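Asker: So the chains spell out like this:
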Amino acid sequence: MTFVAKPRVHHPLLPTNEIGLTRRDYEGLVSTLCAGCGHDSVSAAIVQACAELAIPPHQFAKVSGIGCSSKTPSYFLGNSHGFNSVHGRMPSVATGANLANRELYCIGVSGDGDSASIGIGQFAHIVRRRINMLYIVDNNGTYGLTKGQFSATNDKGSTSKKGVPNLYEPIDLVSMALQIGASFVARSFSGDKAQLVPLIKAGLLHRGFAFIDVISPCVAFNNHNGSTKSYDYLRTHAASVVTADFIAAGEEITADYAPGEAETVRMPDGSRLRLRKLDGSYDPHNRAHALEHVLEAQQEGEVVTGLLYVDPDASDCHEILDTVETPLNALGEAELCPGSEALDRINASFR
Amino acid sequence: MTTYNDFVIRFANVNGSGSASANGMFAKALFRMGVPIATRNIFPSNIEGLPTWFEVRVSEDRHHGRREGVDLMVAMNAETYAEDVASVVPGGFLLYDNSKGLDRRLFRPDITEIGIPIAKLLLPEFADPKQRKLFKNIVYLGALSALINIDFEVITGMVSTQYRGKDELIAPNIHALEIGRGYAREYLDCPLPIQLRRTSALGDSIMIDGNAAAALGAIYGGATICAWYPITPSTSMAEAFEKHAGQLRTETETGQRKFAVLQAEDELSAIGIVIGAGWNGARAFTATSGPGLSLMSEFLGLAYFAEIPAVLFDIQRAGPSTGMPTRTQQGDVLLAAYASHGDTKHPLMFPSSPKECFDFAADAMDLADRLQTPVIVLSDLEVGMNDNLSEPLTWDDSRRYDRGKVLSREDLDAIEEFGRYVDVDGDGIGYRTLPGTHPTKGAFFTRGTSRDAYARYTEAPEAYTENMDRLLVKWRTAASLVPAPEISGHGHRAGIVFYGSTAMPMGEAMQRLADEGVQLDAMRIRGFPFSQEVTEFLHRHEFVFLVEQNRDAQMKTLLVNETGVDAAKIVPVLYYGGMSISADTIQASVLDHYEKMRLPRLWAVGRGTRGGTPRMQTAIGRGSPGGDSVA
Ligand SMILES: Cc1ncc(C[n+]2csc(CCOP(=O)(O)OP(=O)(O)O)c2C)c(N)n1
Ligand code: SF4
Ligand SMILES: [Mg+2]
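Chains A and B, in that order, are what the protein sequence lines are.
Count along the first sequence from 1, then add 27; that gives the number in this note's numbering.
Count along the second sequence from 1, then add 5; that gives the number in this note's numbering.
In case anyone wonders, no lab produced these hints; they're calculated from the structure.
Being a predicted model, the structure only gives us computed values, none of them experimental.
Glycine is no exception: its CB is placed at the ideal position from the N, C-alpha and C atoms.
Check the hints yourself; a few may be wrong.
Okay, the calculated bits of chain B under chain A, using three or more residues with CB under 8 Å as the criterion [unchecked claim]: (1) 13-22; (2) 207-215; (3) 256-265.
Please put together the full structure from these sequences, using the hints given.
Answerer: In structure tokens:
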């Protein structure tokens, strides 16, 4: 791309963040997704979160698998590198990218097909490895890009657009992440920016593996009566536990337990979503409790949203591997090559 | 007649019986005596209880490929006894435990039996049955020291170093050695007519397996990330990387490590990690074998199209997973060359020795960065897992890593325009940038092919074909950068082509063929894409033999496809039984072809002929005998 051809003309009244950048500096290309697609709202929330955090935009590495959701890294953070990789394998690419340069903020975007079906093995294992990243699943309960097949997160009994019921048990990535040891687990709704933006900010600053399952309706294939991931369904079934009250890095991410009032959130397509009140008794530091809470709500046919679990003292993969502070990709011959004298000693050990 | 330093000894054992360490000591003792050897493990895909063989080829002429027939068989496995006895050459020797007596039906009048009552000897000496079982191996080692003249001090010295720290094990081991040695000296005709003698022939050689050498090459070449999934015969490479990097790349003060090793959940993940790291500017590799390579195919295609450096070591074995996973083969050539969907092809390197495993591992890191593409090093079990003599590994301290075309922040500030896939230099290779380099310049979105030269999304047909054509330009650049073929001999009518571990028996095979009046120019292919030299060698000769270890002559397919050479010109010499190809097989196949086609050959003049009198020519040679360009 030609640098001069893309001047950014800022509206003089656009507010700037601490490093003098506006929201525009965190945006990407114009989305080519369907108008009203939940995924675009997630991208917008990422833009807002990153701008508010005032992290230089080029300090991010964006990785994704394949799907409508995985296309979205093109639509936010235009000044950072992105990698639209292979279906279901984003976790491995993210792992490599993070191992190579521990200083970048790594955002992975995936879909429910990408993470809960073809990539479920990689999903499970990146959780175990504690890669320091924010992993977002744009969960629409369907394969958007291949036109509406059921995905594994789809509830049993829900119907496809053609009216065919889903006969198989659903996979809940949130429960899985909790079980395998993710140190930050949240669920949100693409339309609930007030909840989603602080969660993204907290997830980005969390050291270790942060996972957010974002229910993100597909207006083309999964927004009809009978779908449990439609706007209408969620409007009546979402229950929010904790709004992550974001506090800057270094401090513990606390939960606001105060029982909140009913909240009305404007949806990208103009509709409004009414979320349940916060549950003041919820403790996001108890993994077992979090899992129980999710399962209980599931039994009631409700979707719990909010910060379900966080371990503020979590470690990450670099700590586990005890790698040097300098990013591995910044080491040169002097640090990496043991030289001919050492090789003489090695030769001697093979005699 | 006594011969020195020229025989094949094979140990037939049961795996899990502790024979590996005794056999390893045997080989090391010979090496320390300056005796040139090559070792081969022939083992089952099993942990305990199945037959395993360890073979040592002793050859002062440094013929290190496999030779058929066993001169001295140490038959310690009752289950394989019949086939072990049968594999001894006429005039050879059979060492066995005669505590229980031998099945007389297996008696062979043409070989010498050497019975040692190993179990009986041990019974009064060691109370613990487990120890008695383990020391059986040590007893035959002791007996061999007398039978074939292994320097006893060398062995006892090795026992002492091996058990340093576990000193209570030293005395009983040495005692077991002495039991065997004592018995042999007292009751057997020592030494045998096949013997060892010290030489200074080895100079500064080392004894190392190709996987360890490759791991060291990866360290020297600057690899910081190794992602892998266990699979024989590649596992030892990842393990060696972790071990040596732990020693060479750990900061003394902090204990922090300048490398990362991840055992991934599968091979898809392993290659994904390597590609993610390569995208983000770190040198990374994975080591695998055939089944893993199959799984990695999709990712390899993406890396080819997205132009991301990655290094993959395929330590080939016989396929599939329930095939013969612990046997050697060169069966992944076509899979590796064209792995993935769409039009993809990958640079390959074919190491033939541990030294080359080291060199190619380091070179592969440079090559992958320079070409911005996956590079596959095709080793195999034969060269990878067996201890082999090797020149010492060398490193030029003035060497600098070639990180390829990567733009720095300053570079980006200095240029007007950045297009990730623009062919600025005409070599088909664009300039890349790494994440985090510059606040406003040089960021791009990596995807497969649905983009233009500026990495902007498009599905325009012209953009696609233009990109694919540029990748071909890059492919031609690659042909000049992969290791050049090694060509020897000149002006003969016919040639012989080989690659990888098939080179090991080649010197011997060619010598034997020359003795039989068949002189051939030789070419060892070391890299793919094929350079002009490879094509010219094929065109220059009336016909060429192509020796390889797979059923379908995969390299032939590759050569025909890539160079346009007439397929009829290439005569495949194939072996795919899972052992490494022997000089005998090569010799027999080539001679067979000469006979079948009634091709003229030279009389064997003036050379020591192994097979006795020179064989008759099957057709009359043109030109004078002894001339250079007849055969
Ligand atoms: C190996 C492989 N198999 C199948 C596909 C086809 N494919 C592309 S996207 C997709 C499903 C995407 O679903 P999801 O991850 O939920 O993303 P969404 O489009 O719904 O956001 C499939 C099956 C592919 N690209 N690669
Ligand atoms: S098909 Fe569905 S998921 Fe894909 S862009 Fe359209 S609305 Fe979004
Ligand atoms: Mg989906």
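Asker: Does the structure break any of the earlier hints, and which numbers would those be?
Answerer: 1
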